[in-house]
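S.K.: One letter stands for each residue in the lines below.
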Amino acid sequence: MPTLVIDNREVTVPEGMNVLDAAKAIDIVVPHFCYHEALGAIGSCRLCAMQFLEGPVQGVKMACMVPAQDGMVVSTSAAEAVELREHVIEWLMTNHPHDCPVCDEGGECLLQDMTIAGGHYLRRYRGKKATYTNQYLGPFIEQEMNRCITCYRCSRTYRDYCGGRDFGVFGSRNRVFFGRYKDGQLESPFSGNLVDICPTGVFTDKPFRFKSRIWDLQEAPSICPQCSLGCSTIPGGRFRELQRIRSGINQTTNGFFICDRGRFGYGHVNHPERPRDPRVDGLPVTMEEAITAARNRVDALAAKYGGASIAFLGSPRASLEGNLLLQAWAGRVGSSQSVFDAHQGRDHAARSLAANLASLARSLSDVRQSDLIILIGADPLAEGPSLALAIRQAVRQGSEVIVIDPRPVALPCAHQHIPLPPQLLHMVLKALESGQYDELNDAQTQPAVKTLRSKIAQAKLPVLIGGADMLGGLGVKLLCDAAKRFISAECNIGVMVMLSGPNSFGGAFLNIGGPDFDALIDAFQEGRVRGLVCLESDPFREAQFPAKAQAALGHLELLISIDCTPTLAAKRADIFMPSRATAEMAGSFINNEGRLQAFHQAIEPGMPLSALGPGKHPPRLFQSTTPGATPQPAWQILGQLLDRPADLNQLRRTLAAENPKLKALTHVDTTAARICAEPNGIAAALTHEMFSADSSAGNVPLLITSAFVGSHWLSHLSSPLKALREEPTVWLHPSLAATLGLKHGERAILSTTLGRCHVRVQTSNDMAQELALTYQLLDSALEGMSPGTIINCRLTGEEGQ
Amino acid sequence: MTLWRDIKGTLQPFWITLGYLFQKPVTIQYPEVKRTPPPRYRARIVLTRDPDGGERCVACHLCSGACPVDCISMQAAEDADGRRYAAWFRINFSRCIFCGLCAEACPTLAIQMTPDYEICNRDILNLVYEKEDLLIDGCGKDTQYNFYEHAGIGVANERGRNQDEYGPVDPKSLLP
Ligand code: SF4
Ligand code: SF4
Ligand code: SF4
Ligand code: SF4
Ligand code: FES
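Residue numbers (my numbering), protein chains in the order written: chain E, 1 to 801; chain D, 1001 to 1176.
Since the hints were made in silico from the structure, they are not lab data.
Some hints here could point you the wrong way.
DSS-like, lysine-lysine: derived pairs with alpha carbons at most 30 Å apart [stated by the list, open to error]:
id, chain 1, residue 1, chain 2, residue 2
1, E, 571, E, 304
2, E, 484, E, 663
3, D, 1141, E, 129
4, E, 206, D, 1131
5, E, 484, E, 455
6, D, 1172, E, 129
7, D, 1131, E, 616
8, D, 1141, E, 128
9, E, 206, D, 1172
10, D, 1172, E, 182
11, E, 128, D, 1131
Heads up, incomplete: computed chain D residues facing chain E, CB under 10 Å, no partners named [as the list claims (entries may be wrong)]:
id, residue
12, 1023
13, 1077
14, 1173
Some chain D residues well away from chain E (every beta-carbon gap over 10 Å; in silico) [claimed, not checked]:
id, residue
15, 1014
16, 1028
17, 1030
18, 1032
19, 1043
20, 1044
21, 1046
22, 1049
23, 1055
24, 1060
25, 1119
26, 1138
27, 1144
We treat Cβ as the ideally placed atom computed from N, Cα and C, and that holds for glycine.
With the sequences and hints as input, model every part of the structure.
M.R.: So this is what it looks like as structure tokens:
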């Protein structure tokens, strides 16, 4: 812990911290560009000069390149250093275009700030400026190369941190260019981080282009609702439209970066078909009337058939407060039928995790520091993209990564892939736990698992990573059991499992030992349950076997939906109440490591002004109400229904009082503590029902998984992301493709019990041999295919038809 | 002494008033007679055009940001040629205090104050001016400046063809 003096103030900082950060620690900020906490120092912008007066180094030095040491006396205001900074910023500005008024960075531009902070007010250079030709970089990123100050932050982010390969630096001397070799869409799923990281307006957010200035945006710290990792985000909106999302900073979770699904997946908030008005039996009513109707009809049904005749379906994307109140409603009518994920496998996985995780929980920050990462049945880019980024950081520090998964798992880092068929995953987990390899009769798997065991035993901070879709409840339990087996003084092993939504863990926590959706389906069919309340959930689409669920849901007498998106449940509901999207409300989620995190309200709901059409000015009439502003936070709707406090903090206090395990709710912030359940005998009930295929005559087992974009409801509704949506595809191992007479790139017909559709055939050596693989794609012929299942299919070439 | 002061205080103002009786009056019989304010008078705001007739405003939001009463709002948009312009632009003159901060902030000389002070109206909505109402057919006080002749985004001329620019560099060149 070196102690040094900066501007006559003494400061003690951790070993290895540079002087620039040391100064920041006591709120002395010197202009700088190229240094970034996540990217490190390279000393390329030459701006962070400080005068070192005494100590081991002396003279004017770049503060970001000097580690803080004992006895240093540093001045940031010494004339020589100030003058150097002034000159450097002036050089950086010589070629800078006269663009601020038309530059989207304006107002949040580090260059503007640092130019002024560096003391450069007046342009002296009157000569000509260099210019560049821009590239087309796809639908997310706009490039304006003239504005570059060659700090190299972009290439360090894209290539070094995110592992992208199709972007870099070209040229020499004053012709340095940052871009792709050729025009084209950036391939990295983390490309959006260029917007945050570039200190100038070279890379700006394309969907947000010319929409607003930062001083007009309403922003607030929030949590990404697109997957279970709970990355910190800052949504910003204006004129009742959510216009962009940028990355928040949370060192324990995402760090400084987020994935493109999280960044550009906000379209559901502004969706043109979003239901904004309460309805009872198809007729528009006020929110109060809808709430009263909901309460009365549920009570009437309960009076007639008993409380157990009503089921309550919460959801992984509803806030913890909302889900808690839904459960309270169930309690009030005397129903124990509350479920928090319609997808059986995912629900079981979440519950199993909530019950077994305990001290095995690891955060993304722990993953970044891990020295051995083993993924079993996990595909981060599909299930929790920022995890892939965390894994890459571990690899950059020397960690080894081993992936055991039937899919051709793509990671932005070096890894070893063992493509085992899904049914072997549980056996591998058992073998890992027990050290008995008999069940694994495969000649390659046995030694591989043996090596794995010895590697884990030797590692210091290994992390086992799983995914809900592939492991299910049983698999997650096996994963935790396996991890527990290795705990020792030297081996601090942990587990991370990617779940289906931002609050999967929260829902599972509330319903550890309760019924599951399959039980409800039977009850619908048998008429034991006659009413269903859906909180931001859509059993018609989200159930693991949607066809079966849809048939059963037809028996319902009463369907109530509270939602902020145009789900089938919302469309078909007898009573509908519009709720708010994450960015429009405050609440909290429990992420996949059991971390309770709060989010704040960024914007007010309402029909976006942009819905009027391009170029139309706002209407010229006075109105006391905002069009489309009826939606309320789901917890508020339910709170009103149950006569609970309307104030969130008060509500949290009462909820915490009722659920002692949720004490943390009373002081929840964006970095709150972890919450875990106690295992209470649920594991036995958790089956894993994905293997319903038989590989008899001509049938090929088809494993269904999710894609980066297109399988997740919220991001599916986002128009900026449409560009990333793949066409319907089937992946095959070349050997299976040869047997079926199909070639890479060909079109084929996929027939299953769910129907027939046209697909593109892709082959990969890097996947399990005996099965076909496809992604669920919502609003396509592949919509009914629910991730985490295996069904029979037949594949024939289109020509053969 | 107080008495003497009171007498003086009573008579002196009358004396001054009397003095003014014999001077030329400054009062103007408005609205029959109208006075021409000086050119820098700050009243009704206009949006001007550049010498080529293009809209000067680039919808940069600096005027709305500077406005102390928040009476300017707009939405920026992009033309086919890359020009940033205001899709709509609105000033609520019922709120405007004619401080001139917007004109001072404007980097393109688009928004300017004019001496036209006669904009009172009985219907407050008539004081909400849209872009069509604000845009005039001239350059206003500056007849030369064209922002896009200096910006680097290649609108007035092709990229690298503005007077103060070199043509685009070739980053793939290996020449020293
Ligand atoms: S990058 Fe910053 S300084 Fe450069 S034009 Fe844009 S806003 Fe202005
Ligand atoms: S493009 Fe941006 S991040 Fe990259 S070097 Fe230039 S200024 Fe830095
Ligand atoms: S990794 Fe998940 S939580 Fe993080 S930004 Fe991406 S979708 Fe959102
Ligand atoms: S400051 Fe000038 S250019 Fe910018 S929006 Fe206002 S009028 Fe338009
Ligand atoms: S920040 Fe130190 S040289 Fe750039």
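S.K.: Each of the hints needs a verdict: does it hold here or not?
M.R.: Hints, one by one, checked against the model:
no.	hint	result
1	571/E / 304/E	26 Å, holds
2	484/E / 663/E	27 Å, holds
3	1141/D / 129/E	29 Å, holds
4	206/E / 1131/D	26 Å, holds
5	484/E / 455/E	15 Å, holds
6	1172/D / 129/E	19 Å, holds
7	1131/D / 616/E	11 Å, holds
8	1141/D / 128/E	28 Å, holds
9	206/E / 1172/D	26 Å, holds
10	1172/D / 182/E	11 Å, holds
11	128/E / 1131/D	35 Å, violated
12	1023	49 Å, violated
13	1077	6 Å, holds
14	1173	7 Å, holds
15	1014	52 Å, holds
16	1028	35 Å, holds
17	1030	31 Å, holds
18	1032	34 Å, holds
19	1043	23 Å, holds
20	1044	19 Å, holds
21	1046	17 Å, holds
22	1049	16 Å, holds
23	1055	13 Å, holds
24	1060	4 Å, violated
25	1119	17 Å, holds
26	1138	21 Å, holds
27	1144	15 Å, holds
Comparing the model with each earlier hint shows violations of hints 11, 12 and 24; every other hint is respected.
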